[in-house]
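In this note's numbering, the protein residues as written are 8 to 360.
There may be inaccurate statements among the hints.
[As the list claims (entries may be wrong)] Dumping the calculated SDA-like pairs for lysine to any residue here, alpha-carbon to alpha-carbon at most 20 Å: (1) K147 to P66; (2) K13 to W87; (3) K246 to G293; (4) K13 to D335; (5) K300 to F245; (6) K246 to A311; (7) K300 to H248.
Worth flagging that the hints you see were computed from the coordinates, not collected in a lab.
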Amino acid sequence: MPITVKALQKAGPDQPFRVVQIARRDPRPDDVVIAIRAAGICHSDIHTIRNEWGRAHFPLTVGHEIAGVVETVGSAVTRWRVGDRVGVGCMVNSCGRCEECLAGQEQCCTGTNGQARGMVGTYDSTDVDGTITQGGYAQKIVVNERFVCRIPDALGFEEAAPLLCAGITTYSPLAAWNARPGSRVAVVGLGGLGHMGVQIAAARGAEVTVLTRTLRKEGLARELGADHVLATSEPEFFKAHRASFDLILNTISAEIPLRSYLGLLRPRGVMVNVGLPPEPLDLPMGSLIGGNKVLAGSNIGGIAQTQEMLDFCAEHGFGARIETIGVDQVDEAYDRVVAGDVRFRFVIDTSTF
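Can you build the whole structure from these sequences, using the hints too?
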């Protein structure tokens with residue numbers, strides 16, 4: 008039978024969060040029920056629930072940075088046992104049969120599964136039964152076992168939760184473009200995504216430079232592993248640092264002068280973007296062709312790579328830098344995220360329901 012749990016939900020984009028009872032689906036044979044211990048706040052949660060992307064389904068519970076403990080397992084579950092420490096990220100299902108799924112790129116699923124088309128997002132997405140998924144700002148969640156990752160014992164629930172989005176979002180492109188010893192990597196921005204990008208790039212052995220508007224966060228950046236911190240607001244900045252980097256990881260959603268940033272790349276360099284600007288950016292094709300440069304995007308990562316990322320972070324002794332809040336502080340936390348007043352990720356302690 009369906010499971011009833013407490014959750015934070017909004018009835019509309021201009022409404023406050025309220026604690027309500029929601030129904031989780033009747034667990035299927037290949038499902039696990041997870042008692043959620045911590046849920047991170049991602050900027051995508053804010054965009055979605057404020058309907059800034061114009062497609063939210065209300066009432067809605069968001070949250071796709073989920074850490075907790077397996078409470079029960081279905082009769083066909085083989086990967087998990089009661090008591091396992093686990094996490095759930097941005098997706099909870101896919102077709103499992105298409106070329107992308109078979110290649111471990113479930114986030115790029117091109118198939119269908121019941122009424123779902125492509126990847127099923129953890130919230131505000133059409134599930135296989137036609138219902139709209141509800142996210143992790145809740146006491147429990149029911150998930151197909153294939154979309155659950157193991158949280159290593161070395162990571163606490165609170166510092167692990169944001170890794171399920173912010174961690175994999177930055178780990179995947181750094182792995183894809185082979186950040187390594189000898190690589191000159193620039194990370195644009197030092198927020199929830201950027202602070203993970205710096206730690207991961209540094210742990211991979213790259214020479215890491217943080218590009219930020221001012222030097223206000225220089226001490227924090229160096230504490231996270233940055234070798235250099237540069238202020239992009241300085242006069243002649245782009246001219247002075249032309250052809251300096253092999254890889255630029257752009258973690259911000261603000262509009263940027265793309266031509267100027269591409270000029271920071273060395274020949275055959277790559278600029279990969281994980282933020283979503285509100286408006287299209289002008290692409291000067293000559294800035295790519297002249298130096299055989301690449302402009303790329305990256306969307307989270309597959310489940311196997313997400314597990315790889317969690318193990319990597321545990322092995323290198325770091326997680327997300329977080330501020331823990333109660334369920335009654337989420338509205339305020341959203342305003343602080345938008346204002347840039349968080350270092351570096353808010354995490355909801357679900358014991359406060």
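Outcome of the hint check:
1. Taken as a hint, the K147 and P66 pair is honoured in the structure, with Cα atoms around 18 Å apart against an allowance of 20 Å.
2. This hinted pair does not check out: K13 and W87 have alpha carbons roughly 24 Å apart, beyond 20 Å.
3. The suggested pairing of K246 with G293 holds, with an alpha-carbon distance near 17 Å, which does not exceed 20 Å.
4. Restraint check for K13 and D335: the C-alpha separation of about 13 Å stays at or below 20 Å, so the hint holds.
5. Our distance criterion of 20 Å between C-alpha atoms is met by K300 and F245, whose separation comes to about 17 Å.
6. The suggested pairing of K246 with A311 is violated, with an alpha-carbon distance near 41 Å, which exceeds 20 Å.
7. For the hint pairing K300 with H248, the CA-to-CA distance comes to about 16 Å; that is within 20 Å, so the pair holds.
Checked against the numbered hints given earlier, the structure breaks hints 2, 6 and satisfies all the rest.
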